[in-house]
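If you're matching them up, the sequences are chains B and W in order. Letter 14 of the first sequence, counting from 1, is numbered 14 in this note's numbering, and no numbers are missing. Letter 185 of the second sequence, counting from 1, is numbered 1185 in this note's numbering, and no numbers are missing.
Hints may contain errors.
Beta-carbon label-pair distances, calculated as ranges [said to hold, decoys possible]: (1) L1043/W with A38/B: 22 to 30 Å; (2) A93/B with R1155/W: 42 to 50 Å; (3) T105/B with W1058/W: 43 to 51 Å; (4) S1049/W with I28/B: 23 to 31 Å; (5) C57/B with I1106/W: 46 to 54 Å; (6) I28/B with A1011/W: 31 to 39 Å; (7) V58/B with A1053/W: 24 to 32 Å; (8) T71/B with T1133/W: 30 to 38 Å; (9) I1147/W with T71/B: 26 to 34 Å.
Simulated pairs of lysine-lysine, DSSO-like, Cα-Cα distance not exceeding 30 Å [unchecked claim]: (10) K65/B with K1107/W; (11) K65/B with K1079/W; (12) K1107/W with K1158/W; (13) K1079/W with K1158/W; (14) K113/B with K1190/W; (15) K1190/W with K109/B.
These are computed hints drawn from the structure, not numbers from a lab. In this text, a Cβ means the ideal position worked out from N, Cα and C, and glycines have one as well.
Okay, here's what each chain looks like letter by letter:
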Amino acid sequence: MAHHAEAHADASHGEHTHHGNYWRIWAILCVLLVISVAGPFFGHPIVTLITAFGIACVKAYMVAKNFMHITVAPRYVAYLIGTCLIFMMLFFAGAGPDVMELEGTNWEKPSWKYANAHAHEGHAAEHGAAAHH
Amino acid sequence: MRPIATTRSTAGMPTGRLAVWWLIASEIVIFGGLLASYIMFRLSHESFSVQAANTNTWIGAFNTLVLLTSSLAAVLGHKAADEGDGPRAARQLYLTAFGGLVFAGIKFGIEWPHEIHEGFTISSGTFWSFYYTAAGIHAAHVIAGVIIMLIIAPRAAKNLDLHRVELIGVYWHFVDLVWIFLFPLLYIAK
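Whole structure, please, built from the sequences with the hints as guidance.
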C-alpha cells in the first residue's frame, strides 16, 4: 500500500506527458530507415545525400518530439539545446576553412594531396575496369 | 525522506529531469564536435570515401533497427511509469537494456573483430580513427545506459522511484538520436 502511495507520488509529480501512439512512430522510423539504406542503390549522390542526411534529420526530429517530448518541456530546454547546436556550428565555421582546404597562404598539406591523388587514381581504375567489362 | 530530485521543481520541471537535459546539452557539445570534425574531413578529402566503403551497411542498419526498437521499449516504459504500473515499466526497461546488449554484442562481437581482422584498426588512417572513436564513445554511452537501466528496473518493479524510468528513457533516446546521425555518416555516405 505504501509502495502504491509512493508510486503515485512519483508518477504524478510535475506535469503528465501526453502519450501518443508510439508503435506508429516506431513503424514510420523503420520505414525511413529502409529508405535511407535504399538511397545509395540509386547511384546518384544527391539522392543519397537526401535519403541519408535529410531522413536522418527527420528521424531525429521525430525521436526528439515524440519520444523525448522536447516540445512539452519548458521553452528554455529547447533554447539550451539550440545554443549547444549553435556552438557546434560556430566550431565548424571556425575550424572548417583550415581543415577543408589543401593549401593556403604559405602552407599546404602534402600528405592529404597525396592521399587524394591516390583516391582519384583508385576511382579512375575502378571506372576504367567497369568500362572495359 | 525523499531525495530532492523528486520533490523540487523550481525550474519549472523536476530537478532530476532538468539534470538529464543539462547532461544531454553537454553531450551535444561532445558528439557535435566529433561529428563536425568528421564532416569537415569527409567533405574535403576523397580518400575518406574509399575507406568508408569498407564498413558494413547491413550491420549498421540492423543496429539502427535495434536501437529504434529499444527506444520504443523505453518510451513504453515511461508510459507505464506515468500510469503507476511499475512492473510493466520494469519489463520495458529490461527489454530496452536487452536491445542495448544486442547492439554492443554485435559491435564488439562481430563487427569490430571482422574489421580488425581485415586490417582496419584505429591507426589505419584518419577515417578509421574517427570511426572507432565516434562508434566507441557511442557504444560506451550504450553500455552506461544499460547499467543504469539494470539498476533502476528492480526498484521500478516494486513501484519505487518511477520518475527514474522517464529520466533514463530521455537519456536513451538521445543515445539513439546520436546513432541516427552516425549511421549515415559512417555507413551510407560512401
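Tested hints:
1. L1043/W with A38/B: 22 to 30 Å: Since the Cβ atoms of L1043/W and A38/B sit about 24 Å apart, the hinted range of 22 to 30 Å holds.
2. A93/B with R1155/W: 42 to 50 Å: The hint (42 to 50 Å, Cβ to Cβ) holds, given that A93/B and R1155/W are roughly 46 Å apart.
3. T105/B with W1058/W: 43 to 51 Å: holds (46 Å)
4. S1049/W with I28/B: 23 to 31 Å: holds (30 Å)
5. C57/B with I1106/W: 46 to 54 Å: violated (25 Å)
6. I28/B with A1011/W: 31 to 39 Å: Holds - the Cβ-Cβ distance for I28/B and A1011/W, about 32 Å, lies within 31 to 39 Å.
7. V58/B with A1053/W: 24 to 32 Å: holds (26 Å)
8. T71/B with T1133/W: 30 to 38 Å: Roughly 32 Å apart at Cβ, these two residues keep to the hinted range, so it holds.
9. I1147/W with T71/B: 26 to 34 Å: Given about 30 Å between the Cβ atoms, the range holds.
10. K65/B with K1107/W: Measuring from Cα to Cα gives roughly 28 Å; hence the hint holds.
11. K65/B with K1079/W: Holds, because 15 Å separates the two Cα atoms, which is no more than 30 Å.
12. K1107/W with K1158/W: violated (33 Å)
13. K1079/W with K1158/W: Distance ~16 Å between K1079/W and K1158/W Cα, so the pair holds.
14. K113/B with K1190/W: Holds, because 20 Å separates the two Cα atoms, which is no more than 30 Å.
15. K1190/W with K109/B: Given pair K1190/W, K109/B holds - Cα atoms ~23 Å apart, limit 30 Å.
The structure is inconsistent with the numbered hints 5, 12, although it conforms to all the rest.
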